[in-house]
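Participant: Sequence:
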Amino acid sequence: MLLLALFPLLSQALGPHELAVIFNDADIDSRLMALSYARQAGVPACNLIGVEVPPGADGQVPEAVTVDDFRTRIYEPVQAALTEAGLSRQILAWAYSCSFPARVTAASNTLAKAGHADLSLTGATFLRGVWPEQPAQIVSAQYRSPLFRCPLASDADGVAEARSLDQMRAEILSGMPLPAMMLAYTGSRGQSLQGALTALSRAIGATSTAPTGAIWFAKTDDVRYWCRSSAVARAAAFIDARAPATGVRAVVSTNQPAAGNGPVVGYMAGTRSVNLAPGILAPGAYADHLTSFGAAFWTGAQMKATKWLERGAAATSGTVVEPYANASKFASPWIFSLLLGGATQLEALYGAIRSPLQILPLGDPLCAPWAPRLEPRIEGLPDSGEAPAAQRLALRAAYTAPPSGDAAAPAEAPRFTWLVDGRPAATGPHLTLSGLPAGEHAIRLIVRQRIGSLRCQGFTEQTITLR
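Residues in the sequence shown are numbered from 0 upward in steps of one, following numbering that gives the first Met the number 0.
FYI, nobody ran anything at the bench for these hints, they're computed from the structure. Each residue gets a CB set at the ideal place from its N, CA and C atoms; glycine is no exception. It is possible that part of the hints are untrue.
Derived DEER-like restraints, expressed as beta-carbon distance ranges [claimed, not checked]:
1) G259 with S383: 27 to 33 Å
2) N254 with A324: 19 to 25 Å
3) E132 with H429: 45 to 51 Å
4) L31 with N325: 46 to 52 Å
Straight-line Cα separation of at most 25 Å, DMTMM-like style, residue types lysine to aspartate or glutamate; simulated pairs [unchecked claim]:
5) K218 with E309
6) K218 with E321
7) K218 with D239
Whole structure, please, built from the sequences with the hints as guidance.
Facilitator: The following block contains the structure:
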């Protein structure tokens with residue numbers, strides 16, 4: 000059997016091996032989406048975790064579950080599975096497949112209609128299933144995320160700081176809140192399965208493509224725009240100041256972008272609905288419209304966040320209940336400076352949302368359009384791709400740094416990590432293989448390097464057969 004390179008070389012702050020993909024074992028579409036996404040994004044098979052969320056009386060996955068059911072049916076089984084698989088010290092974030100409830104309630108009597116203190120599925124995950132003691136922490140956004148990295152209105156000279164989860168590994172693994180996204184919502188008022196799979200494939204292909212174009216901020220008289228408008232001018236000025244290097248400019252306009260405006264690589268529209276033509280959003284774009292019911296799939300009121308994914312966005316977000324005009328519950332306009340710094344969509348979202356308890360981030364968590372391309376190589380593998388099981392193989396890490404035009408000069412020496420069949424095997428530039436059983440084994444080499452303010456990573460994976 001010939002040596003086979005399974006995945007293209009990718010570069011991103013959060014790595015695929017650090018993401019757990021959770022699917023609903025009671026729903027075939029959920030399993031299919033998880034498998035498809037993992038294969039394309041390079042998530043190791045051992046990182047796929049199945050739990051069972053049974054359908055309701057109507058045969059559909061419920062739109063909401065109680066926090067007790069969330070803990071016993073989702074959070075605790077996933078944690079147990081990760082521990083059993085030896086991955087509890089490796090996983091930094093979760094991605095839910097489709098066919099999961101979007102909302103988590105405090106008690107069963109609120110399932111018929113949403114309560115103002117309900118959490119999103121990802122909000123409950125962020126808190127690791129521990130319900131806040133005071134309703135104001137949820138309703139008034141008094142909870143402050145430790146992952147928030149953007150300046151406030153009072154920070155006259157503040158700049159959003161791109162910081163990867165890799166740099167916060169110790170805090171996250173010691174019990175810090177757990178960031179999560181949902182790949183797609185395919186229930187009532189959500190995407191179709193095929194549409195969601197197509198959108199994810201498009202987003203996966205956008206990583207490290209460095210798209211150029213405009214980030215569009217729609218200026219309106221709507222409170223949805225004005226509640227976060229104080230940050231728009233400063234974020235737009237920051238984007239424009241770096242336009243010569245990035246090829247990305249900011250547009251603040253009362254008009255909606257049209258085909259003649261060129262590629263739109265990001266869009267914030269403060270209005271209850273947006274009639275955006277297909278093809279306007281470039282691959283890898285983040286887009287949202289800050290509205291009351293963007294991810295409140297239990298009601299037909301207002302446009303749903305999933306429409307952005309249908310129109311080509313790589314990621315979006317919306318709240319699961321009426322959030323009021325509270326900018327702390329939504330992504331700051333500074334999210335685009337984090338993305339331009341090389342962050343993944345998941346890291347940028349959690350860096351830009353001050354109180355993420357009621358918002359549901361949707362899309363590809365690993366998509367990082369402006370991440371520099373890091374290119375590790377594995378040396379020392381047998382030319383044929385086959386070797387006797389008893390043979391001792393000494394593998395070496397090789398690495399090509401990003402071209403000077405792709406990013407600023409690296410700020411530190413590269414760090415290497417080796418995985419064998421998805422699990423940590425060694426750190427450093429060398430890996431010795433011995434004692435592995437006969438059969439196929441996936442060897443993954445990961446390189447991490449700080450470039451600018453963000454520690455990025457890339458990987459290559461190859462399969463070897465031991466006879």
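Participant: For every hint, state whether the structure bears it out.
Facilitator: Tested hints:
1. Separated by about 55 Å at the C-beta atoms, G259 and S383 break the suggested range of 27 to 33 Å.
2. In this structure, N254 and A324 meet the distance hint of 19 to 25 Å, their C-beta atoms being roughly 23 Å apart.
3. Taking 45 to 51 Å as the suggested C-beta distance range, the pair E132 and H429 conforms, at roughly 50 Å.
4. Look at L31 against N325: about 37 Å separates their beta carbons, and that is not inside 46 to 52 Å.
5. Pair hint K218 plus E309 holds up; C-alpha atoms about 23 Å apart against a cutoff of 25 Å.
6. Our distance criterion of 25 Å between C-alpha atoms is met by K218 and E321, whose separation comes to about 22 Å.
7. This hinted pair checks out: K218 and D239 have alpha carbons roughly 17 Å apart, not beyond 25 Å.
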